[in-house]
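Each chain is listed here by its residues.
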Amino acid sequence: MPHQTIGLKHLLGIVILLLHLWTVPVASATDVISADSTDTTAIPEDHPNLQPYETTYNIAQHILALPSTLFYWGTRPIGWGVQYAETRFPHLFEGERGDYGFFPLFESGSQVRFAAGALLFHQHLFRQNHEARIQFLYGTDNYWDVNAQYRVPVSQTYSSELLFSGNYKRNPRHRFFIDDSRLFYSAEDATFRVRYNSSLSARLRMQNSVTYSNHTARTSSAELQDKPITFPDELKGNYEILTFGNQFTLDFRRGEMRKVSGTQLIAGADLATSLKNSTSYFTYHIEAHQFIPVPFLPESRRFGIRGKLLKSELLSGDEIPFFDLPTLGGSRDLRGFRSDRFRGNGALIFTAEYRYPMWDVLDVTLFMDQGQVFNNFSDIAFDRFETGYGFGVHLLTAKGLAFRAEMAFSSETTRYILSITPTF
Amino acid sequence: MLAKKPKKRTQLLKQFSPVLVIALVFSMAAILAVGCSSSKPYATGPIKTFDPDTTRIPMPSRKEQFQYWDRIDNTTFHQIGKVLDLNRVLRFIGKPLGLASPREADNVNKLDDVPESSWYTYRHYHKPMSQEELARGPNTVEPDTSGPWYIFRAKLEGAMGGFFFEDASGERFLAKFDGPLYPGLMSSVEVIGSRIFYAAGYTVPEATVAYFDPEKVFIRPGVEIEDNGEMRPMTMDDYRSIISSQGLYKDGTIRVFASKFVDGRPLGPWRFRGTYRDDPNDRVAHEHRRELRGMRVISSWVNDTDRRDANSMFVYNDRGYIDHYVQDFGNILGANGHTIHRPIQGQAYLIDPRFMLLNTVSLGTYVPLWEKIDGSYEFPQVGYFRADVFKPGRWVPTHPNPAFENMTLRDAFWGAKIVMNFSDEDIRIMVETGVIYDQRAVDYLVETLIKRRDMIGRYWFKKINPLDRFEAALNDETLQISFSDLYIAGNLGTPDAHRYQYHIETVDGEFLAEGISGESSIELTLPEHLLNGNNYQVIKVELYTLRDYKHSGDQKIDVYFEVGKNHTRLVGIDRDV
Numbered sequence: 479m480p481h482q483t484i485g486l487k488h489l490l491g492i493v494i495l496l497l498h499l500w501t502v503p504v505a506s507a508t509d510v511i512s513a514d515s516t517d518t519t520a521i522p523e524d525h526p527n528l529q530p531y532e533t534t535y536n537i538a539q540h541i542l543a544l545p546s547t548l549f550y551w552g553t554r555p556i557g558w559g560v561q562y563a564e565t566r567f568p569h570l571f572e573g574e575r576g577d578y579g580f581f582p583l584f585e586s587g588s589q590v591r592f593a594a595g596a597l598l599f600h601q602h603l604f605r606q607n608h609e610a611r612i613q614f615l616y617g618t619d620n621y622w623d624v625n626a627q628y629r630v631p632v633s634q635t636y637s638s639e640l641l642f643s644g645n646y647k648r649n650p651r652h653r654f655f656i657d658d659s660r661l662f663y664s665a666e667d668a669t670f671r672v673r674y675n676s677s678l679s680a681r682l683r684m685q686n687s688v689t690y691s692n693h694t695a696r697t698s699s700a701e702l703q704d705k706p707i708t709f710p711d712e713l714k715g716n717y718e719i720l721t722f723g724n725q726f727t728l729d730f731r732r733g734e735m736r737k738v739s740g741t742q743l744i745a746g747a748d749l750a751t752s753l754k755n756s757t758s759y760f761t762y763h764i765e766a767h768q769f770i771p772v773p774f775l776p777e778s779r780r781f782g783i784r785g786k787l788l789k790s791e792l793l794s795g796d797e798i799p800f801f802d803l804p805t806l807g808g809s810r811d812l813r814g815f816r817s818d819r820f821r822g823n824g825a826l827i828f829t830a831e832y833r834y835p836m837w838d839v840l841d842v843t844l845f846m847d848q849g850q851v852f853n854n855f856s857d858i859a860f861d862r863f864e865t866g867y868g869f870g871v872h873l874l875t876a877k878g879l880a881f882r883a884e885m886a887f888s889s890e891t892t893r894y895i896l897s898i899t900p901t902f
Numbered sequence: 106m107l108a109k110k111p112k113k114r115t116q117l118l119k120q121f122s123p124v125l126v127i128a129l130v131f132s133m134a135a136i137l138a139v140g141c142s143s144s145k146p147y148a149t150g151p152i153k154t155f156d157p158d159t160t161r162i163p164m165p166s167r168k169e170q171f172q173y174w175d176r177i178d179n180t181t182f183h184q185i186g187k188v189l190d191l192n193r194v195l196r197f198i199g200k201p202l203g204l205a206s207p208r209e210a211d212n213v214n215k216l217d218d219v220p221e222s223s224w225y226t227y228r229h230y231h232k233p234m235s236q237e238e239l240a241r242g243p244n245t246v247e248p249d250t251s252g253p254w255y256i257f258r259a260k261l262e263g264a265m266g267g268f269f270f271e272d273a274s275g276e277r278f279l280a281k282f283d284g285p286l287y288p289g290l291m292s293s294v295e296v297i298g299s300r301i302f303y304a305a306g307y308t309v310p311e312a313t314v315a316y317f318d319p320e321k322v323f324i325r326p327g328v329e330i331e332d333n334g335e336m337r338p339m340t341m342d343d344y345r346s347i348i349s350s351q352g353l354y355k356d357g358t359i360r361v362f363a364s365k366f367v368d369g370r371p372l373g374p375w376r377f378r379g380t381y382r383d384d385p386n387d388r389v390a391h392e393h394r395r396e397l398r399g400m401r402v403i404s405s406w407v408n409d410t411d412r413r414d415a416n417s418m419f420v421y422n423d424r425g426y427i428d429h430y431v432q433d434f435g436n437i438l439g440a441n442g443h444t445i446h447r448p449i450q451g452q453a454y455l456i457d458p459r460f461m462l463l464n465t466v467s468l469g470t471y472v473p474l475w476e477k478i479d480g481s482y483e484f485p486q487v488g489y490f491r492a493d494v495f496k497p498g499r500w501v502p503t504h505p506n507p508a509f510e511n512m513t514l515r516d517a518f519w520g521a522k523i524v525m526n527f528s529d530e531d532i533r534i535m536v537e538t539g540v541i542y543d544q545r546a547v548d549y550l551v552e553t554l555i556k557r558r559d560m561i562g563r564y565w566f567k568k569i570n571p572l573d574r575f576e577a578a579l580n581d582e583t584l585q586i587s588f589s590d591l592y593i594a595g596n597l598g599t600p601d602a603h604r605y606q607y608h609i610e611t612v613d614g615e616f617l618a619e620g621i622s623g624e625s626s627i628e629l630t631l632p633e634h635l636l637n638g639n640n641y642q643v644i645k646v647e648l649y650t651l652r653d654y655k656h657s658g659d660q661k662i663d664v665y666f667e668v669g670k671n672h673t674r675l676v677g678i679d680r681d682v
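Here the protein sequences line up with chains B and L, keeping their order.
The numbering used here applies: residue 479 is where the first sequence begins, and numbers increase by one.
The numbering used here applies: residue 106 is where the second sequence begins, and numbers increase by one.
Bound-form chain L, shown alone (with noise of 0.2 Å):
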């Protein structure tokens, strides 16, 4: 029997060349590691504040929309998809383990921030706007109400009933309806939404409230319908038939929802995943751009649930490349299109494999939130918009949204941090572009925007260290470290009882400084190697929040400062999920 022993391990080794087992290894370690950049985390050079994706291209062809295509593929096929992709597996098998790291996007800064591009542009939390520009928003123009419009194309698509027109001044304009059910909702907060996603830095079209006289609208000849699948000329029997449904106010006019033809030439909608293959310009896959994916914390806020393909918009312009707008906020706040939001909408996707998989293991002993809350509302201008049975980290859209998915914990952080930038006037000032007369509501609706702005900052500033805006200023030897507490300057918690732990010193190692300051500020006096040597030299500083004079979840934040004689600029920001 022992002699058989050293047989049997032989045979065991010869089924596993050694070759193979190093290769299986080694591969395995460098899929785990995939993404686990290895470079400086701090910029030697300047810091991109731009993505140059604005090169002038050949126009692209125009993309057909599928609304139902679109909520069919991500709903089923990109489902099944992500289970079979081995790279999305194995991180998610290596992540509980310490061997894995999220995927996390590749269009960040050395900051930790989004370049500007044709998807971003800074606006509220880099460059503050006024209270006039938030008001606003993207408006440059709005519809002469007081000439004739001309009906110069009918509305095809969408569910929405509506049609296109040329004011009296030639400006072009989609029409849309409120739900009969509903007058006022849909067009309120189709024009909040463009306000909140305009002042967030995205691309969208004008927007605006307009009330017309439905004895001043015009067909122009050539306009076609399609009836019953085929397509025949507009008549003035189609247009009283689309208006049917609208209240007069007292003046005699309807209220609609216009938005703006954007510059340019309309392509189709650009998609969450992937990149547009006719458009050079576009190198960083859909769901791995930062904006799109922290996207989905901005749209928790404001139950932006319709946030799809399909309601987005390629846009080719004057200048020759292609400009990316989100549009469509009808289903945002208490709306659903001409209805209103269901108790379900933002707590699980239409189709929803999870909860399906509990409701059938438990026999239908487990009762989900939204069976357990009615859907009532206090006001039909608002419809259903809560706060209190938001979650913030478990929001989702109605359709899964491939980019919203990929959201890390460092996107998440960016999403939120611009939602908290928001003050409350911020908030009352946009919601009032939206013309709602009941005072209530008006009250109603920027309180829960309120609420649910603060529950966002709770949720995720306790996930990841939330100081940022830092600055450094040197005066003579003593170096000025300044942040901003985005927590504390959310009004979530008070000064006094928090505190930063810092530890600083060089890149190479040597020793500078350490400490607790009460206040978000740090001073240190520079070595005069450091100033006077031939080279910058950068500094790191290592950051933790303690709050309630505790660890917030032993989060380190790494800052990294350039310093050298009369020089000292920020040049990274790396923090620890």
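One chain only, chain B, in its complex shape (with noise of 0.2 Å):
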């Protein structure tokens, strides 16, 4: 074997040396005036003028370009498809939405692993700027989410719409924790909302909404049965509530593209309760953002600040619904860790975001995420506060958030947080 090896180098040299040797610099384009002569007009058809500039490469130039030469056709089949779609789809390019179209959805981060899907829409579906948009993604462990949505603007008024949308979602791996044993359930939901929201000014929004659910819990296949937790009996079912919301945001800040400085208050409230039973219940939810420069730069490198408090209070019946619950832990909240990883009658959650552009639609943003859930007020202390920390790059557009990738760090564990909807 070791004469075989130092005779497979040998023969590497010998090649690498004749293909030196047969690859002696090509004369190079300057070089086809002809020599030797020092009449200037004798020999026309010598004349340079008649000899055409070439550009030529040796075989070790092609050799070494070979990489980039392999990259090149390795990514025409992409240049084809773009091209095809700038053939059949322009508006996809032009920067602005065609009156329809498709583009494709990644999500990660959330309570599955990877989804991919795509939205559909249609600017003037019925009538003109009644948008219409679908939704829809498959992930791993055969996880489905569809979402419909018809938006009609009312009183000629664009500020203010109704807003029809259905969605199904199906996961039979959610993700549920007791303690620091996590478990698993199959969930499957079913939801009607009709929402209307209006501008009463400049600066204040109101939200209105009536939401039926249907939610059903059921025993995951991932769940194994000879685990010494396994998910509660006595959360399995199904569940039918009817639930009347209203929010009213008061917005201070300025910014398109990228909110630069002033405030956002977030005040809402909503009051569900069961078809089935008696159960009511009362939920509501206070979010402060504030976004300030950092001083001597470009006001593009802003600190943002979020606090957020979630309670929900039982009103009549044994208990609130588990899947209703205030919880932290995923995509928005508390992003080092798992989705729905905390789970109380209340939630208070704190970040703190450094963001700075990359470049022009780019931003890099740097945060922190202090929450904890509790049961009651007098719960919450200093101590309990669980940390995430981490960093990722926001894409925007002209009117916000277009796709965020994160990496999110806790305690417990790392993630990687891919999504369309911003944290704040």
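No lab work stands behind these hints, which were simulated from the structure alone.
Among the hints, erroneous ones may be present.
As the list claims (entries may be wrong) - Just so you have them, the derived chain L footprint on chain B, three or more residues with Cβ under 8 Å:
1) 769-782
2) 824-837
3) 875-889
Said to hold, decoys possible - Here are the simulated distance ranges between beta carbons:
4) B:Phe670 / L:Ser481: 44 to 54 Å
5) B:Ser739 / L:Pro338: 46 to 56 Å
6) L:Glu238 / B:Ala563: 42 to 52 Å
7) B:Thr534 / L:Glu331: 35 to 45 Å
8) B:Ala883 / L:Tyr471: 19 to 29 Å
9) L:Leu462 / B:Thr534: 33 to 43 Å
Here the structure is a predicted model, which is why all the values come from computation and not from measurement.
All C-beta atoms in this analysis are idealised placements derived from N, C-alpha and C, irrespective of residue type, glycine included.
Hints given; two lone chains; assemble the complex.
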């Protein structure tokens, strides 16, 4: 074997040497002018003006360019695809949506490890400015999420609208935590919502909604029956809930693509009642966002701070359905932890982010989340805050976030997040 | 322990076959020496002044224009591909070590100049154009605005609104409109750009500002327009929609940029990289053509940020070969199509990994130049066009351009001398063809172009010895060599403080003369044997420029003259970089 190895090296060396000898640099384009002639007109057929220039490459140059050449041809099919799309769907490239079209969707870091799908839209379905969109995502473990929405402008007032939406979601591996134990259940949700959004003034928006939801929790195929703790049987079953919601948003933020300064306050409440029993409960939330530009730098370098409080109160019946309790963990809250990692009657979350531009429509963000869930306000304590931190890149459009990719860390795990939903 | 050492060395040597090592060294040397021509730096025959790429060929097939793939490809895949090209990487590494030189352009003659071809024509630098010629540019005819215009095709490509029309005399034009917020801006820069690039030597379409009566426009049957991805017949409502954003002038006319149809058959855009497989005349890779590499300097002068594949055109002409057009000047000077340039344009690519990395690692504390300046402008008909923030050596178009990326110092000098050749008056004449009504705007534009021109001269002429236009005359035994110092000719410095140090010898090494001249000329008495020999002899003149009595960057220029009895001619120029 050693002899064979040395022989191969010799052979390789000889090949390279031969290659070199074969590829003594070819004459450059400027060398075609005929030499050894002092008569500049006597031999017209040899006149340099009859000798064309040419770019030539020797074999060594071809070999050195091989990775680049392979890459070039490897990427051509992408080009053919883009060219086809450019011909067939020019609106996709023109920075503004056409009357109808589609966008690809990807999601990671929520309840599902990875999901992909598409968003189909029509800006004027049935009537002018009546927008319809269907979004579907299919993910790992046979996850399904289908959402349909129809938007109707009200009274020619562009800022007021009625939204009809329906959503079907199936997740056979929905996570559920009891203390530090991670369990699974199979969740199936169907929701129908009617929402009315209106601008009461330039700064104040109001949102009213009525939601019917049908939620089923079953044993997950991922659940190991011989585990010491399994998803509680008493939580399994079918739930039908009717919810009336109201929310006010006061927005004093400044900036279009990037919110660079100012405050936003959000306060809202939901009244939910079970259609199957006498349970009813009330959930309220208060949220504040503040943006502060970094002194001495352009205002695109800014800090963002968020504080959010959610609390559910049982009004009647035995208990609030577990899936409607406030949770922390996931792609928007306490990002270093798995989705719904913490669950309680209330949740408190604080986020601090430093956002700065990497490029025109790209921001880098460094963030830290601090949050805790609680059952009573008296449970809130400094030493109960869980910490997540990380960094990410935000792709922006003229209207705000288009997409974010983040890496989040915590004492429990490291997570990557791909999402089209902003944190705040 | 001592006994073991030789064994270890033997084992180590066995790891590397001597043949393999020699082969690798040879190959590395060959790679690093690629492009270093070992041929004579002067011509022993005639100087090449024309590249014969005009042989009659069958008409190639038409190439589609892909506005967006062109940008995506050059902005992303081409950038990654560059890093994977080891020829380029080795040159990059070898250059600071003195082991490799930049890859020079392939279509350069022994005078370090570009011969004429289907790409390039000797114009203002080589054959000074009159004021009338500069103002006329490529134009042979202007649209007849007295009679009706007939739309014979809708304009489907590109971002600008417009249509194709035929005037009463049967001439065909493309009409493009100004942006509604900047009346007169795009049409003026299109025309000014066509004059500048034409005078620089490029082939450009005819271009003019025209005023037409909107009531005298009709649509020919069969004209189709795209509506929601579907084609349908164009109607007068469509026409009215196109012109609806245009203001009427006092006489009821609408201003439009009109570009005459080129002679021949347009076949789509050519690329700034590679060759066109269907054209056997196209032998020089476009990224290695000097006129395209050097165009970067010309483009930087006028902030031609959209110089890319899609804004070019192959035209199969009546003589049976392809002309290479440079077109679409709507994104030069202060205009960015229908709107105006932003401060970042010209400073960085649309997606620029260099600045993205810098921004990221600095945690936002690095503030690029374009964030420090506002994009305000004084004259709407000029837009955003400034000289004070212009960096000639750092200028880039919006999308990476392979030919521009390959520009070497010699290419840059070639471009810079073309820019510097435009006098203040030349610039004013070309700017006035843009029909800008506000005289203060005209003055501002001219002044800014002059400032940017001079910045280009100061920057590039300090990096390479800017002596050019060498001539020699023989008077009996006295050889009179004259040249032009482009730095002085461009009024960038005063002649008094400049000297030219020379050393003259034959190419065989026979010393002839040396000294310092205060004039841009040298006189030399040639020995008898050079004049009376059987063959012409070649002498080499080594020249340094002493600016303010100091060496100007030690850049030497070797100039070669062929001499003999009653004979002398320039046969070579070799610039040190």
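Okay, the hints, checked on the actual structure:
Coverage of the stretch 769-782 of chain B by chain L holds [criterion: at least 3 residues with CB-CB distance below 8 Å; count 5]. With 5 residues having a Cβ less than 8 Å from any Cβ of chain L, the stretch 824-837 of chain B passes the three-residue criterion, so the hint holds. Counting residues of the stretch 875-889 of chain B whose CB falls under 8 Å from any CB of chain L gives 0; the rule of at least 3 is not met. Between phenylalanine 670 (chain B) and serine 481 (chain L) the beta carbons are some 52 Å apart, a value that agrees with the proposed interval 44 to 54 Å.
Range check, serine 739 (chain B) to proline 338 (chain L): about 52 Å between beta-carbon atoms, so the 46 to 56 Å window is met. A hinted range of 42 to 52 Å holds for the C-beta pair glutamate 238 (chain L) and alanine 563 (chain B), which are about 45 Å apart. Taken as a hint, the range 35 to 45 Å holds for the pair threonine 534 (chain B) and glutamate 331 (chain L), whose Cβ atoms sit roughly 44 Å apart. For alanine 883 (chain B) and tyrosine 471 (chain L), the Cβ-Cβ distance of about 22 Å falls inside the hinted range of 19 to 29 Å, so the restraint holds.
Taken as a hint, the range 33 to 43 Å holds for the pair leucine 462 (chain L) and threonine 534 (chain B), whose Cβ atoms sit roughly 36 Å apart.
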